[in-house]
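Taking the hints into account, I'd like the entire structure generated from these sequences.
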Amino acid sequence: MGLKSWVVPQDKIFFELFEEQAEIVCEAADHLQTIFTDYTDIPEKYRQMKDLEHRGDAMAHRVYEELNRTFITPIEPEEISRLATALDDVIDFIDSGTNMLLIYEIEQPDEFMVEFASVIRQAAEEIRTGVAGLRTLNDPETITGCCIEINRLENQADDILSKALQNLFKTKDPVRIIKLKDIYEHFEIATDKCEDVADVFASILIRHT
Amino acid sequence: MGLKSWVVPQDKIFFELFEEQAEIVCEAADHLQTIFTDYTDIPEKYRQMKDLEHRGDAMAHRVYEELNRTFITPIEPEEISRLATALDDVIDFIDSGTNMLLIYEIEQPDEFMVEFASVIRQAAEEIRTGVAGLRTLNDPETITGCCIEINRLENQADDILSKALQNLFKTKDPVRIIKLKDIYEHFEIATDKCEDVADVFASILIRHT
Amino acid sequence: MGLKSWVVPQDKIFFELFEEQAEIVCEAADHLQTIFTDYTDIPEKYRQMKDLEHRGDAMAHRVYEELNRTFITPIEPEEISRLATALDDVIDFIDSGTNMLLIYEIEQPDEFMVEFASVIRQAAEEIRTGVAGLRTLNDPETITGCCIEINRLENQADDILSKALQNLFKTKDPVRIIKLKDIYEHFEIATDKCEDVADVFASILIRHT
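Chains as they are written, first to last, in the numbering used here: chain S, 1387 to 1595; chain P, 1387 to 1595; chain W, 1387 to 1595.
Since the hints were derived computationally from the structure, they do not count as laboratory data. Among the hints, erroneous ones may be present.
[What the hints assert, rightly or not] Cross-link-like lysine-lysine pairs, in silico, DSS-like; alpha carbons within 25 Å at most:
1) Lys-1556/W x Lys-1567/S
2) Lys-1556/W x Lys-1556/S
3) Lys-1556/S x Lys-1558/W
4) Lys-1558/S x Lys-1556/W
5) Lys-1436/W x Lys-1567/S
6) Lys-1549/S x Lys-1567/S
[Said to hold, decoys possible] In silico contact screen, one side only, chain W against chain S (beta carbon under 8 Å); selected entries:
7) Phe-1422
8) Ser-1467
9) Asn-1485
10) Gly-1531
11) Ile-1534
12) Ile-1564
Note that this is a predicted model, so its numbers are computed, not measured. C-beta atoms are modelled at their ideal positions from N, C-alpha and C, and glycine is treated no differently.
Structure representation (structure tokens):
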């Protein structure tokens, strides 16, 4: 039995909020790529990232508030809450990784950061597609495809991290190692959080299709 | 529909256990502030923290045991288990952050540690208020207020961490950086765990008010 | 009421998959001990670990797929999914800790790594026993015993970590500190993930016995 038949207008709010969250995920991932392409004015560009993070936060809180208000929800309340949290976590780790460029006064991004940004951007796109598919759930194959692709991208991020660390420890400069290791790990965790989003997608598919 | 009407005496045990857990959270947060105010005799003071951590552990296990015994629970078994775990996590991260003062042989706390301790102490108080409110759930606004305040404090801890790291990397002493970064991060995670407690509060409010 | 009465043949697949996952946990833990006993040919030995990790991944995905296919499951779908994830996480952290031996070009394991491997191996055995007990749930005491033992082992891993860090910081070599701290922490997290498995055991016992 599909979900479509019993979705009533008032419930659409959740899909709209998730779509806005996914949109912010994409904008944050885009912005990260922009930062690495034109690595100037980092404090100003970080302020823009922080704005996205605040918009993401506000959106997640609107989901929790709506859950308080809505008696019947289209998806299980727990899944709604897990999805809002997971989407928010993706944004948070893109934000905190970017913040570290500033805190650690990184003068130039390296090839590994650029690779992470590209993987995150691709995963963000899959998240947008997957979230859009939740509205009707009439094409579970597309959502399953997003989950598989996000998993593949997360594995790719693991490999980038291994490669980046192996390269980093050649430098023998401990302070530099501490800084870059922390940045790489934050971006890698951003892709783990994308995988959490995919896990909620999978769990919604299990229950509702 | 409020919860009050169907709470039967045998179920009160959960509220009592949560209140004892919240009490230990407050005692641990207090003890952390005491340690930083009078930074002497750290091994002995850490033993007292470890005692609190063991009392917290024992209390969390009593919750799980009671869940095994009790057929009908006032709140969903899952929420009871999540709340006990989240409260225990707060205590664990206060404990492990404190333990690092000892492991890393920190000779003096710095202003950032003192700020973290103050934020943790305030969040602990909100947790105590929130837990007390669960018993009757007849004042959801107070619990919502605790959630908002804990979220604010968690954001404040994020800012302290940024500031602390920025300051730390001026020292150029890598071993010192590794040690203090680890301590700061543990205290920051303690406030993340306070936010997990607030998330369970919010989810209990959704279901039961 | 026990679970046994309503387990139908088609549901046995989950127990079989969990037993295979627990088997891989044991093999990975064994392999880690072998690596430390005969610390040669690490790239080749790591390839074998990675094979185990891939087998573990495939098994976890089969659980999720079966959940998609099976209408009635013996245990709650959520617990099935949490257990598969927790077992997979144990394997992942054994794998990633081992991977770091390679990335960081560790020339010799130390006594702490050997102690971690021993604790992980013992916890893996408890996991195997606990998973085997899930099939009929007619001996809850045994599973409870596994949970207690896994908790004890996790505490032991905490103590090994404290001792290992205290020892490590005597070296004053920051790059070495960064590398070994990371490896120790990964093995300690592997035991945290064993505790997550035990938490799912406990939660299954709560609902089904």
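Quick rundown of the hints versus the structure:
At most 25 Å may separate the alpha-carbon atoms for a hinted pair to count; Lys-1556/W and Lys-1567/S meet this at roughly 22 Å. Note on Lys-1556/W and Lys-1556/S: the hinted pairing holds, with a Cα-Cα distance of about 23 Å set against a maximum of 25 Å. For the given pair, Lys-1556/S sits about 19 Å from Lys-1558/W by alpha-carbon distance, which is consistent with the 25 Å threshold. The straight-line distance between the Cα atoms of Lys-1558/S and Lys-1556/W is roughly 19 Å, inside the 25 Å bound, and the hint therefore holds.
Straight-line distance between C-alpha atoms of Lys-1436/W and Lys-1567/S comes to about 23 Å, which keeps the hinted pair within the 25 Å bound. Taking the CA atoms of Lys-1549/S and Lys-1567/S, the gap is about 11 Å. The hint holds against a cut of 25 Å. Evaluation of the Phe-1422/W hint against chain S yields a violated restraint, the C-beta minimum of about 21 Å exceeding 8 Å. With a cut of 8 Å, the hint placing Ser-1467/W at the interface with chain S holds, because the nearest CB-to-CB distance is about 6 Å.
Here the hint on Asn-1485/W is kept, as its CB sits about 7 Å from the closest CB of chain S, short of 8 Å. Below 8 Å, beta-carbon pairs count as interface contacts, and Gly-1531/W has none with chain S, the closest being about 31 Å; its hint is therefore violated. Checking Ile-1534/W against chain S: minimum C-beta separation of about 29 Å lies over 8 Å; hint violated. For Ile-1564/W, the suggested interface contact is upheld, since its CB lies about 6 Å from the closest CB of chain S, less than 8 Å.
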